[in-house]
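Q: In order, the protein sequence lines correspond to chains A and B.
Under this note's numbering, the letters of the first sequence match residues 1 to 422, in that order.
Under this note's numbering, the letters of the second sequence match residues 1 to 281, in that order.
What the hints contain is simulated information worked out from the structure, not anything from laboratory work.
Be a bit skeptical, because a hint or two may be false.
[Unchecked claim] Derived SDA-like pairs (lysine to any residue); straight-line CA-CA distance at most 25 Å:
1. Lys114(A) x Tyr5(B)
2. Lys108(A) x Phe7(B)
3. Lys407(A) x Arg196(B)
4. Lys281(B) x Asn169(A)
5. Lys203(B) x Asp210(A)
6. Lys266(A) x Ser205(B)
7. Lys171(A) x Asn209(B)
8. Lys266(A) x Val210(B)
9. Lys266(A) x Asn283(A)
10. Lys221(B) x Gln193(B)
11. Lys101(A) x Gln315(A)
12. Lys171(A) x Lys281(B)
13. Lys108(A) x His17(B)
14. Lys108(A) x Ile18(B)
15. Lys343(A) x Thr21(B)
16. Lys266(A) x Leu387(A)
17. Lys114(A) x Val4(B)
18. Lys281(B) x Arg172(A)
19. Lys281(B) x Arg125(A)
20. Lys234(A) x His406(A)
21. Lys266(A) x Thr204(B)
22. Lys203(B) x Ala273(A)
23. Lys200(A) x Thr231(A)
24. Lys138(B) x Arg72(B)
25. Lys171(A) x Arg278(B)
26. Lys82(B) x Arg125(A)
27. Lys266(A) x Arg382(A)
28. Lys78(B) x Ser261(B)
29. Lys343(A) x Ile18(B)
30. Lys108(A) x Leu16(B)
31. Lys129(A) x Glu176(A)
32. Lys343(A) x Pro255(B)
33. Lys114(A) x Val8(B)
Treat the numbers as computed from the prediction; the structure is a model and nothing was measured.
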Amino acid sequence: MLSYRSVMLLLTVQARFSSGTRKDQPPAPRILTPIYLNKVPVNPHAEKSVQTVPGGSGRSFDYVTPSNKEGDVILNCELEGVSEFFNMSWIREGELNLIEKLSANILKAGPMPKHVAFIMDGNRRYARKRHVERQEGHTQGFDKLAETLRWCLNLSIHEVTVYAFSIENFKRSKDEVDGLMELAKQKFIRLLQEQENLEKHGVCIRVLGDLTLLPLDLQQHIARAVVATRTHNKCFLNVCFAYTSRHEIANAVREMAWGVEQGLIKSSDVSEALLGHCLYSSNSPNPDLLIRTSGEVRLSDFLLWQTSHSCLVFQSVLWPEYSFWNLCDAILQYQLNHRPLQKARDQHREGQALQQHEADRACVADLLQHHGNGKPLDAQRRQEALLNYTASREERVQDFLGALQHKRDSFLTDLTSQAALA
Amino acid sequence: MAIVYEFVWQVLHVLLHIHRTLITWFRIRLRNWNGRLWSRALTALIVPMALSFPNQKNIVPAPGKRVGRRYRWGADGKSLEKLPDHIGLLIAEEEPRYTDIANLVVWCMAVGISYVSVYDNYGVFRRNNSRLMDEILKQQQELLDLEGSKQLCVEFLNNGTDKQDQQVLSCQSVLKVLSPDDGKLRIVQAAQQLCRAVEQREKTSEDINVTVLDSLLRESKSTPDPDLVLKFGPVESTLGFLPWHIRLTEFISLPSHVGVSYEDLFSALQRYASCEQRLGK
Numbered sequence: 001m002l003s004y005r006s007v008m009l010l011l012t013v014q015a016r017f018s019s020g021t022r023k024d025q026p027p028a029p030r031i032l033t034p035i036y037l038n039k040v041p042v043n044p045h046a047e048k049s050v051q052t053v054p055g056g057s058g059r060s061f062d063y064v065t066p067s068n069k070e071g072d073v074i075l076n077c078e079l080e081g082v083s084e085f086f087n088m089s090w091i092r093e094g095e096l097n098l099i100e101k102l103s104a105n106i107l108k109a110g111p112m113p114k115h116v117a118f119i120m121d122g123n124r125r126y127a128r129k130r131h132v133e134r135q136e137g138h139t140q141g142f143d144k145l146a147e148t149l150r151w152c153l154n155l156s157i158h159e160v161t162v163y164a165f166s167i168e169n170f171k172r173s174k175d176e177v178d179g180l181m182e183l184a185k186q187k188f189i190r191l192l193q194e195q196e197n198l199e200k201h202g203v204c205i206r207v208l209g210d211l212t213l214l215p216l217d218l219q220q221h222i223a224r225a226v227v228a229t230r231t232h233n234k235c236f237l238n239v240c241f242a243y244t245s246r247h248e249i250a251n252a253v254r255e256m257a258w259g260v261e262q263g264l265i266k267s268s269d270v271s272e273a274l275l276g277h278c279l280y281s282s283n284s285p286n287p288d289l290l291i292r293t294s295g296e297v298r299l300s301d302f303l304l305w306q307t308s309h310s311c312l313v314f315q316s317v318l319w320p321e322y323s324f325w326n327l328c329d330a331i332l333q334y335q336l337n338h339r340p341l342q343k344a345r346d347q348h349r350e351g352q353a354l355q356q357h358e359a360d361r362a363c364v365a366d367l368l369q370h371h372g373n374g375k376p377l378d379a380q381r382r383q384e385a386l387l388n389y390t391a392s393r394e395e396r397v398q399d400f401l402g403a404l405q406h407k408r409d410s411f412l413t414d415l416t417s418q419a420a421l422a
Numbered sequence: 001m002a003i004v005y006e007f008v009w010q011v012l013h014v015l016l017h018i019h020r021t022l023i024t025w026f027r028i029r030l031r032n033w034n035g036r037l038w039s040r041a042l043t044a045l046i047v048p049m050a051l052s053f054p055n056q057k058n059i060v061p062a063p064g065k066r067v068g069r070r071y072r073w074g075a076d077g078k079s080l081e082k083l084p085d086h087i088g089l090l091i092a093e094e095e096p097r098y099t100d101i102a103n104l105v106v107w108c109m110a111v112g113i114s115y116v117s118v119y120d121n122y123g124v125f126r127r128n129n130s131r132l133m134d135e136i137l138k139q140q141q142e143l144l145d146l147e148g149s150k151q152l153c154v155e156f157l158n159n160g161t162d163k164q165d166q167q168v169l170s171c172q173s174v175l176k177v178l179s180p181d182d183g184k185l186r187i188v189q190a191a192q193q194l195c196r197a198v199e200q201r202e203k204t205s206e207d208i209n210v211t212v213l214d215s216l217l218r219e220s221k222s223t224p225d226p227d228l229v230l231k232f233g234p235v236e237s238t239l240g241f242l243p244w245h246i247r248l249t250e251f252i253s254l255p256s257h258v259g260v261s262y263e264d265l266f267s268a269l270q271r272y273a274s275c276e277q278r279l280g281k
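The following block holds chain B by itself, in its conformation from the complex:
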């Protein structure tokens, strides 16, 4: 009898995997089909000269169009009831695509989100931080027509100093590149710091409470906790993302960051705008 159950279970899981694969496949096909249609329409109607170019895949719209998009995205952000102050992009997939992530970061900035964090389970982004930054600058150029890093500051999530605070204030958006070390390990380091203070009789154990620990874990006073985390990938877990900071964070799952579009991001933001936080009451 156990063999029968096992067989049925295997069949069930095979069906579920096929179902998932089919959905992903259809989504990508639909997007490509739509994308090609849109770029063709654009080419035909708005940029007549582009007709002479045989390769229609990577259409670079005219500068005017880019600025138009920037304002549209900004207006989109303002149209939402509420916008997260701090958004986290949790990439729970094996192979990160830097271009897609750069797109996401640039869109988030354009929509008006002040703090953007990028996280993956293996610490890949941390290690390849410069590559990510290059991609973001490139995409900023392409999508928004912005020179240099005027609009964007990158900050490693480590112990903030006053100097860094000043730097942060002058930027429109702040990007944080996070890894699992910023989660539990940071909490343990803060705990060690407090215990050392107790060892040296600078504090007592009764002095330790949520507020004290929170101020140690808040790397800069102005950085808010993530309001929204967009999770990309099939794994349903936070995978160690900032355990202390996510107590009230909304989690919205998107199937994949590969080929993600602005519409995907915006619909997630719309969903966030409609949620109600009662805060225990």
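Next up, chain A with everything else stripped away, as it sits in the complex:
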């Protein structure tokens, strides 16, 4: 494990190295970026021998040998991020070592979260700590994300939401923002190249946020990735990009107002449930567990609506140093809080249903007053009117949500066709 950590920041893997049963060789790019060996830039032609180091996850890495030269086939793992996870960790069985597997099985005996959200904080502090470039911190952070996704799948957690880029982050220096946009673009491009693997493992990528704030080329790459994986349904990765929770809620209210403008719904149809369905995250259940690393104890405008009854775990480890045991610790916290949170959630849901019922009743009473002939209706007629009203409201709402989904899908499809034409 330790030697894995001390491996160079930009890991390189020999394309010809077969880590066991690697069936699908992804296309191999050239050496494009400087190679580091123990954090020191290395001339690929220097006197260093091949070393095979067992990786923490059972992977082995060959260092660049003196015989390597420019143009040799070397896979740069910095570009491989997510796809490496799909290539190597998915196809191989037994990625967790024995102790990890044992702990996973013990944890799985109790209630497990189905949807976990991560605030991956601490990349820059990690970079400062290790005396490297900030960009390296972010890259390491992305690699750690890939690893954490694998752990989640080993623990049967099929939905993960991550906070990649906040609208507030646009305030950072132009260089850093551009660097992050470039990193994101590379990741999405690579993702698209791995489409077959994504299909095989049923991974659905969703990007939540106001995409119109991003550069157009990044928007197009994102749209392509989302549209390509739209129909997959085995596991879900939601990436919050150009996102803040307040913008999300305001956008949901705006969408409902659009529905009213279009005559699809009435203002009296607005409810907590409907607002929830208009959020960017409408296709996902609420997160069961929210984990924030690096010791900060705030939510920073992330999923404020969705996590009102989730288990919040604040851990002091920096994100690029996150380990399987940190994840297990968080899940343990979730299990300890499971029952009281379930109770609180059920109670809230009951309250919501009651409020909806009362609202419907008030609407029906209003309608009867306006359209009735002055004679009070008996209880049965009132009940009938209430049921009719509720049914028609629900139908209106379903039609509206269908129209909203269509609007969102068209936006993405338009972007992809733009990209195809370009």
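Position chain B relative to chain A; hints supplied.
A: Coordinates of chain B only, in the frame set by chain A:
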């Protein structure tokens, strides 16, 4: 094999519960032991006449001592690098103790925090608002030697009017008693209001943005968002506390509000003072 794992899991959780219970038990014992020691020292050294009283549990210090404490707490507040403008007390426990909460509110006021919110998941404080107010007034009297509600204004979190704004300005501290209805339900009501305006062609959907929604949800222009929420109880969640307002709020957990001491509150405030908010940068 699954049975073995389940058994180990059960054992693990039993151990964790025992661990938690032991810690709570030790904390209470230590506090009582310390408390008794301190009150005995006080009695013996500072108030000689109190020696004649057999019951030493509820020592009421001399008026001079109360005023001294008020100034000490005020000085403590000034000594911190930063003090929250608005503190939220989230009680995530089944049985709220009104005296302890009143103590917390009074201490927060004494330290110099302008807005204090009290919240629980079941809306108990909202329903028993008058009882809470009585306790607070009583504790104000005991701890700070302040008559009446001169220093404190209570405000329900509802649609603010200008009149209320004026009232707020004249008080040193404002207490808000919150319930889950002030969270998501308020946001839904604001959304309904905006949609009605759109229905009546007073607004368009494009007019709706974060600023517009924020101004509707800010019940009075002067009330800031909570900077710090102290969560009391074992449940690790916000339990529906003001979702819109807590985007930059620091959350500090304390084990329980039962028997909470001023030192607990102050150490949480010290922790808050040392945190760094980068605001996305």
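Q: Hint by hint, say whether it matches the structure.
A: Outcome of the hint check:
{"no.": "1", "hint": "Lys114(A) x Tyr5(B)", "in the structure": "holds, 20 Å"}
{"no.": "2", "hint": "Lys108(A) x Phe7(B)", "in the structure": "holds, 12 Å"}
{"no.": "3", "hint": "Lys407(A) x Arg196(B)", "in the structure": "holds, 23 Å"}
{"no.": "4", "hint": "Lys281(B) x Asn169(A)", "in the structure": "holds, 6 Å"}
{"no.": "5", "hint": "Lys203(B) x Asp210(A)", "in the structure": "holds, 22 Å"}
{"no.": "6", "hint": "Lys266(A) x Ser205(B)", "in the structure": "holds, 14 Å"}
{"no.": "7", "hint": "Lys171(A) x Asn209(B)", "in the structure": "holds, 19 Å"}
{"no.": "8", "hint": "Lys266(A) x Val210(B)", "in the structure": "holds, 22 Å"}
{"no.": "9", "hint": "Lys266(A) x Asn283(A)", "in the structure": "holds, 23 Å"}
{"no.": "10", "hint": "Lys221(B) x Gln193(B)", "in the structure": "holds, 19 Å"}
{"no.": "11", "hint": "Lys101(A) x Gln315(A)", "in the structure": "holds, 22 Å"}
{"no.": "12", "hint": "Lys171(A) x Lys281(B)", "in the structure": "holds, 6 Å"}
{"no.": "13", "hint": "Lys108(A) x His17(B)", "in the structure": "holds, 19 Å"}
{"no.": "14", "hint": "Lys108(A) x Ile18(B)", "in the structure": "holds, 21 Å"}
{"no.": "15", "hint": "Lys343(A) x Thr21(B)", "in the structure": "holds, 21 Å"}
{"no.": "16", "hint": "Lys266(A) x Leu387(A)", "in the structure": "holds, 17 Å"}
{"no.": "17", "hint": "Lys114(A) x Val4(B)", "in the structure": "holds, 23 Å"}
{"no.": "18", "hint": "Lys281(B) x Arg172(A)", "in the structure": "holds, 5 Å"}
{"no.": "19", "hint": "Lys281(B) x Arg125(A)", "in the structure": "holds, 13 Å"}
{"no.": "20", "hint": "Lys234(A) x His406(A)", "in the structure": "holds, 23 Å"}
{"no.": "21", "hint": "Lys266(A) x Thr204(B)", "in the structure": "holds, 14 Å"}
{"no.": "22", "hint": "Lys203(B) x Ala273(A)", "in the structure": "holds, 24 Å"}
{"no.": "23", "hint": "Lys200(A) x Thr231(A)", "in the structure": "holds, 12 Å"}
{"no.": "24", "hint": "Lys138(B) x Arg72(B)", "in the structure": "holds, 20 Å"}
{"no.": "25", "hint": "Lys171(A) x Arg278(B)", "in the structure": "holds, 10 Å"}
{"no.": "26", "hint": "Lys82(B) x Arg125(A)", "in the structure": "holds, 23 Å"}
{"no.": "27", "hint": "Lys266(A) x Arg382(A)", "in the structure": "holds, 21 Å"}
{"no.": "28", "hint": "Lys78(B) x Ser261(B)", "in the structure": "holds, 19 Å"}
{"no.": "29", "hint": "Lys343(A) x Ile18(B)", "in the structure": "holds, 22 Å"}
{"no.": "30", "hint": "Lys108(A) x Leu16(B)", "in the structure": "holds, 17 Å"}
{"no.": "31", "hint": "Lys129(A) x Glu176(A)", "in the structure": "holds, 18 Å"}
{"no.": "32", "hint": "Lys343(A) x Pro255(B)", "in the structure": "holds, 20 Å"}
{"no.": "33", "hint": "Lys114(A) x Val8(B)", "in the structure": "holds, 22 Å"}
Against the hints set out earlier in the document, no violation occurs for any number.
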